[in-house]
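Asks: Protein chains in written order, with the numbering used here: chain A, 7 to 121; chain B, -2 to 111.
Simulated from the structure, these hints should not be mistaken for laboratory data.
Please read these numbers as outputs of a predicted model, since none were measured by experiment.
For glycine and all other residues, C-beta sits at the position ideal for the given N, C-alpha and C.
Incorrect hints may appear among the rest.
Pairs of lysine-lysine residues, derived as DSBU-like cross-links and limited to a Cα-Cα distance of at most 35 angstroms, are as follows [stated by the list, open to error]:
(1) K39(B) with K75(B)
(2) K39(B) with K9(A)
(3) K44(A) with K75(B)
(4) K9(A) with K54(B)
(5) K22(A) with K44(A)
(6) K76(A) with K9(A)
(7) K22(A) with K76(A)
(8) K54(B) with K76(A)
(9) K22(A) with K39(B)
(10) K44(A) with K54(B)
(11) K54(B) with K39(B)
Here are a few chain B residues that sit away from chain A, every Cβ distance over 10 angstroms (derived from the structure) [unchecked claim]:
(12) Q11
(13) M12
(14) I17
(15) R19
(16) H26
(17) E50
(18) E65
(19) R66
(20) D68
(21) G69
(22) V110
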Amino acid sequence: AQKVTQAQTEISVVEKEDVTLDCVYETRDTTYYLFWYKQPPSGELVFLIRRNSFDEQNEISGRYSWNFQKSTSSFNFTITASQVVDSAVYFCALSDANTGNQFYFGTGTSLTVIP
Amino acid sequence: EPEVTQTPSHQVTQMGQEVILRCVPISNHLYFYWYRQILGQKVEFLVSFYNNEISEKSEIFDDQFSVERPDGSNFTLKIRSTKLEDSAMYFCASRSRWDRGEQYFGPGTRLTVT
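With the rest of the complex left out, here is chain B:
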């Protein structure tokens, strides 16, 4: 069964450094999402992406964040200058054009900012 993959599974970085989290959505999906879960808290929406542009973003998704689909398979989340409070689990998700109800989540990348 096709699945969403994310790399790395765990990333440790120093405050102020740039990080790029990578996701490979399911191949025929057209809508892509990033979510964040701070330890012990709920999963929060960051951004949705369709047709090579951001379709929606939350208040969390400020100028420090950016997303890109650099090729036909990857979907990336970049944090330009990480802060301690960016430490969280980041989930990528994708959905097909035809099923508005289902998003398939990746296993997550745990980001630790020291």
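Excised from the complex, chain A in its bound form:
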């Protein structure tokens, strides 16, 4: 069965520190997609990144970077030089290409960046 685990429930860091949010997934499918979403206090889901199962290249976008490792079924997200505006709940999600594409979300990691 498909499952996403975000073991870190809450993380607090001081501004300018780096922080890594962990995501481990389970799926039997060979073709799937992984996502990260940010949910600020206003509640909307802000898309950050999508990765498909064939693309294991790491990606960097400004202060954000993602490390996808199929061997360990992990898709971790690092924020470099964190800022107060990064405070939010971050969700990792899995969608498989062969069973309707519903999203399976993790339980989220609440990140607080302290000024």
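Let chain A serve as the given structure and place chain B on it in line with the hints.
Replies: Relative to the frame of chain A, chain B by itself:
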């Protein structure tokens, strides 16, 4: 850039009342979804809809729930007789026929049942 819209942004209703949550998916999308997020919890899949019928639904989506695409633009979620535990944020999402990997989420409707 096209986006998914949802109305209302916040709905307050009394237990036992019927509510209809509305979504306007992106215009050329063919697959539609509803998700629910109880406060402080994860986002959970409710139902997917394609070609005017439900393609998949979760255990949460019981007989109290229904979905409809009444015209060419709207996609609605109806809860027939709301319960306190239906209080949650409801997200609509849509995707195109061509991109199996991407769903575009609306901003959500916060439903409060009193």
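Asks: Work down the list of hints and note, for each, if the structure agrees.
Replies: Hint check results:
Between the alpha carbons of K39(B) and K75(B) the distance comes to roughly 21 angstroms, so the proposed pair stays at or under 35 angstroms and holds. Using a Cα cut-off of 35 angstroms, the hinted pair K39(B) and K9(A) holds, with the two alpha carbons roughly 12 angstroms apart. A C-alpha spacing of about 27 angstroms is found between K44(A) and K75(B), which places the hinted pair at or below 35 angstroms, so the restraint holds. A threshold of 35 angstroms between alpha carbons decides the hint, and for K9(A) with K54(B) the separation of about 17 angstroms falls inside it, so the pair holds.
Restraint check: the Cα-Cα separation between K22(A) and K44(A) comes to about 19 angstroms, which is no more than 35 angstroms; the hinted pair holds. With a C-alpha separation of about 15 angstroms, the suggested pair K76(A) and K9(A) falls inside the 35 angstroms cut-off, and the hint holds. Between K22(A) and K76(A), the direct Cα distance comes to roughly 30 angstroms. Compliance with the 35 angstroms bound is thereby established for this hinted pair. With a C-alpha separation of about 29 angstroms, the suggested pairing of K54(B) with K76(A) holds against the 35 angstroms cut-off.
For the hint pairing K22(A) with K39(B), the CA-to-CA distance comes to about 28 angstroms; that is within 35 angstroms, so the pair holds. Between K44(A) and K54(B) the CA atoms are separated by roughly 25 angstroms; this keeps the pair inside 35 angstroms, and the hint holds. Restraint check for K54(B) and K39(B): satisfied, since their Cα atoms lie roughly 17 angstroms apart, inside the 35 angstroms limit. For Q11(B), the shortest C-beta to C-beta distance to chain A comes to about 23 angstroms, beyond the 10 angstroms cut-off, and the non-interface label holds.
At the 10 angstroms boundary, the C-beta of M12(B) stays outside the reach of chain A, the nearest C-beta of that chain being 23 angstroms off. Annotated as non-interface, I17(B) keeps its C-beta farther than 10 angstroms from every C-beta of chain A; the closest such distance is 20 angstroms. Taking the minimum C-beta to C-beta distance to chain A, about 16 angstroms, the non-interface status of R19(B) holds against the 10 angstroms cut. Every Cβ of chain A is farther than 10 angstroms from the Cβ of H26(B); the closest lies at roughly 12 angstroms, confirming the non-interface assignment.
Once the 10 angstroms rule is applied to beta carbons, E50(B) is consistent with being away from chain A; the minimum gap is 13 angstroms. The Cβ of E65(B) sits about 19 angstroms from the closest Cβ of chain A, beyond the 10 angstroms cut-off, so the non-interface label holds. A cut-off of 10 angstroms between C-beta atoms confirms that R66(B) is not in contact with chain A; the least separation is 17 angstroms. Interface exclusion of D68(B) from chain A stands, the closest Cβ pair being 24 angstroms apart, more than 10 angstroms.
With a closest Cβ-Cβ approach of about 22 angstroms to chain A, G69(B) is found to remain outside the 10 angstroms limit, as its non-interface label requires. Non-interface status of V110(B) relative to chain A is upheld: no Cβ of that chain comes within 10 angstroms, the nearest being about 17 angstroms off.
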